[in-house]
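Colleague: In order, the protein sequences belong to chains A and B. 15 is the number of the first residue of the first sequence in the working numbering; add one for each residue after it. 15 is the number of the first residue of the second sequence in the working numbering; add one for each residue after it.
It is possible that part of the hints are untrue.
Partial list, derived from the structure: chain A residues whose beta carbon lies under 7 Å from chain B [claimed, not checked]:
hint, residue
1, 37
2, 53
3, 56
4, 116
What the simulated footprint calls covered on chain A by chain B, stretch by stretch (three residues with Cβ under 8 Å from a Cβ of chain B suffice, anywhere in the stretch; the number is not a length) [to be verified]:
hint, region
5, 22 to 32
6, 57 to 69
7, 99 to 109
8, 151 to 163
9, 186 to 194
10, 202 to 211
Derived by calculation from the structure, the hints in this document are not laboratory data. Since this is a predicted model, take the numbers as computed values, not measurements. C-beta atoms are modelled at their ideal positions from N, C-alpha and C, and glycine is treated no differently.
2 protein chains.
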Amino acid sequence: MSKKVPDIIIGRLPQYLRVLGWLELEGKQTTASQELSERLGMSAAQIRKDLSQFGGFGKQGTGYSIPHLTKELRKILHVDHPWDVALVGVGQLGIAIAHYQGFQGRGFNIVLGFDSDPEKVGKKYGNIIVKPISEMESALKASGISVAMLTVPASEAQVIADRLVKAGIKAILNYAPINLTLPEHIKVRVIDPVIELQRMTYYL
Amino acid sequence: MSKKVPDIIIGRLPQYLRVLGWLELEGKQTTASQELSERLGMSAAQIRKDLSQFGGFGKQGTGYSIPHLTKELRKILHVDHPWDVALVGVGQLGIAIAHYQGFQGRGFNIVLGFDSDPEKVGKKYGNIIVKPISEMESALKASGISVAMLTVPASEAQVIADRLVKAGIKAILNYAPINLTLPEHIKVRVIDPVIELQRMTYYL
C-alpha cells in the first residue's frame with residue numbers, strides 16, 4: 015500500500031482485531047460486516063469501507079475468513095510479531111498492568127519495569143523484575159525497546175518521557191493525566207478514564 | 015444549543031478541559047488556540063472551529079479566559095456538578111482506580127464498589143468499602159447512580175453489564191477487553207491499552 019490511510023481508520027483496525035479474537039474464541043471461522051457491526055456498534059458500511067482500504071478481504075456472500083482477516087490486520091498493524099514493552103512506574107496502576115493477562119497474544123510483552131522507589135526495585139510483578147529508574151536509559155538502549163507505558167505521577171511524566179525519547183523510545187502509552195510535549199515523530203496515546211467518562215456524561 | 019454537535023467534537027472537549035486544568039495549575043489566566051494546539055498536538059484551526067460550535071468563547075486578539083472556558087466546557091459536558099460513580103470489580107485494576115487521585119475535581123467521585131470475592135467485601139480502598147456483588151442492584155437503585163466503571167474479568171463482563179443496565183446504569187466505562195452488547199441508549203466507552211498500543215505500532 016503506498017497511499018496514506020487516514021489515522022481515524024487506523025484507529026478502528028485494533029477494534030476489529032479485538033472482536034475477531036473473540037469470534038475466534040467462540041469457535042467461528044467466518045464473519046460478516048453485519049456481525050462485526052453488531053459487536054462494535056458501528057455501521058456495517060463503515061466497516062466494509064475501512065477494510066476495503068487495504069484491498070478486499072471478503073468475498074461477496076461468503077463474508078470474511080476470521081483467521082485470514084486476523085492475520086492481515088496483524089500485519090497491517092505490525093503486531094504479527096510481538097513487541098517488547100517497558101513499563102515505567104510500578105505503582106498500583108503499574109502493578110495491575112504488569113499482571114494484566116490481556117496483552118498476551120495481542121502483540122505485546124512487558125519485559126522491563128522501572129521505578130524510582132527503592133522498596134520496589136528487585137520485586138517481581140508478572141514477568142518483570144523492577145529495575146531502578148537510574149538504569150532506565152542503559153537498559154532500554156541495551157534491549158532496543160521502542161514502546162513504553164508511562165505510569166508515573168503527572169508531576170514526573172514530562173521529565174521521564176524526555177528521558178525515554180533520548181533512550182530510543184518511539185511510542186509512549188501515557189497514563190499520566192498530563193499532555194506530554196515531545197518531538198513530532200514520537201507517537202503518544204493517552205489513557206485517561208476521566209476523558210472517557212466526560213465523553214459519556216455529555217449525553218446523560 | 016439545539017443543533018447536534020458531532021460526537022467526534024464532543025470527544026475532543028474533555029481533552030481541552032484537561033489542558034485547561036493544567037494551564038490553570040501553572041497560574042495562567044488566559045490562553046490561545048495556538049497554545050492549546052501545542053499542548054494537544056492538534057491544529058489551532060481545529061480547536062477554534064470546535065469551540066466555535068458552542069458560540070464564541072474567545073475574543074480576537076485576547077484569547078480565551080481559562081476560568082470562563084473551563085466553566086463553559088464543564089457545563090457542556092455536564093460535569094459542572096460531580097457524578098457519583100460505581101466501581102464494579104475490585105481486583106488489582108479496580109484497587110488502582112479506587113486509589114487514583116485523578117478523578118478529583120474533574121467531575122467524578124467513586125462512591126460504591128462491588129466484588130464477588132468474599133475476601134474483598136468490607137475492605138476499604140480509597141473512599142469505598144467493597145460491597146458484595148449480590149447487593150449491586152439494590153445499592154445502585156437506592157443511590158440513583160447512573161455511571162459505572164466495569165473492571166471485572168472479560169468472561170463476566172457481559173452478564174454484569176446486563177445487570178448494571180437493569181439497575182439503572184446509563185453509562186459504562188468498560189475495562190474488560192470484550193465488546194459489550196447493550197441497548198442502544200446505553201453509553202459505553204472502552205479502555206483497552208492494547209488497542210492504543212496497536213494504534214501506535216502501525217506507525218513504527
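Colleague: Run every hint past the structure and note whether it holds.
Modeller: Going through the hints against the structure:
no.	hint	result
1	37	10 Å, violated
2	53	5 Å, holds
3	56	11 Å, violated
4	116	5 Å, holds
5	22 to 32	holds (count 7)
6	57 to 69	violated (count 0)
7	99 to 109	holds (count 5)
8	151 to 163	holds (count 3)
9	186 to 194	holds (count 4)
10	202 to 211	holds (count 10)
Checked against the numbered hints above, the structure violates hints 1, 3, 6; every other hint is satisfied.
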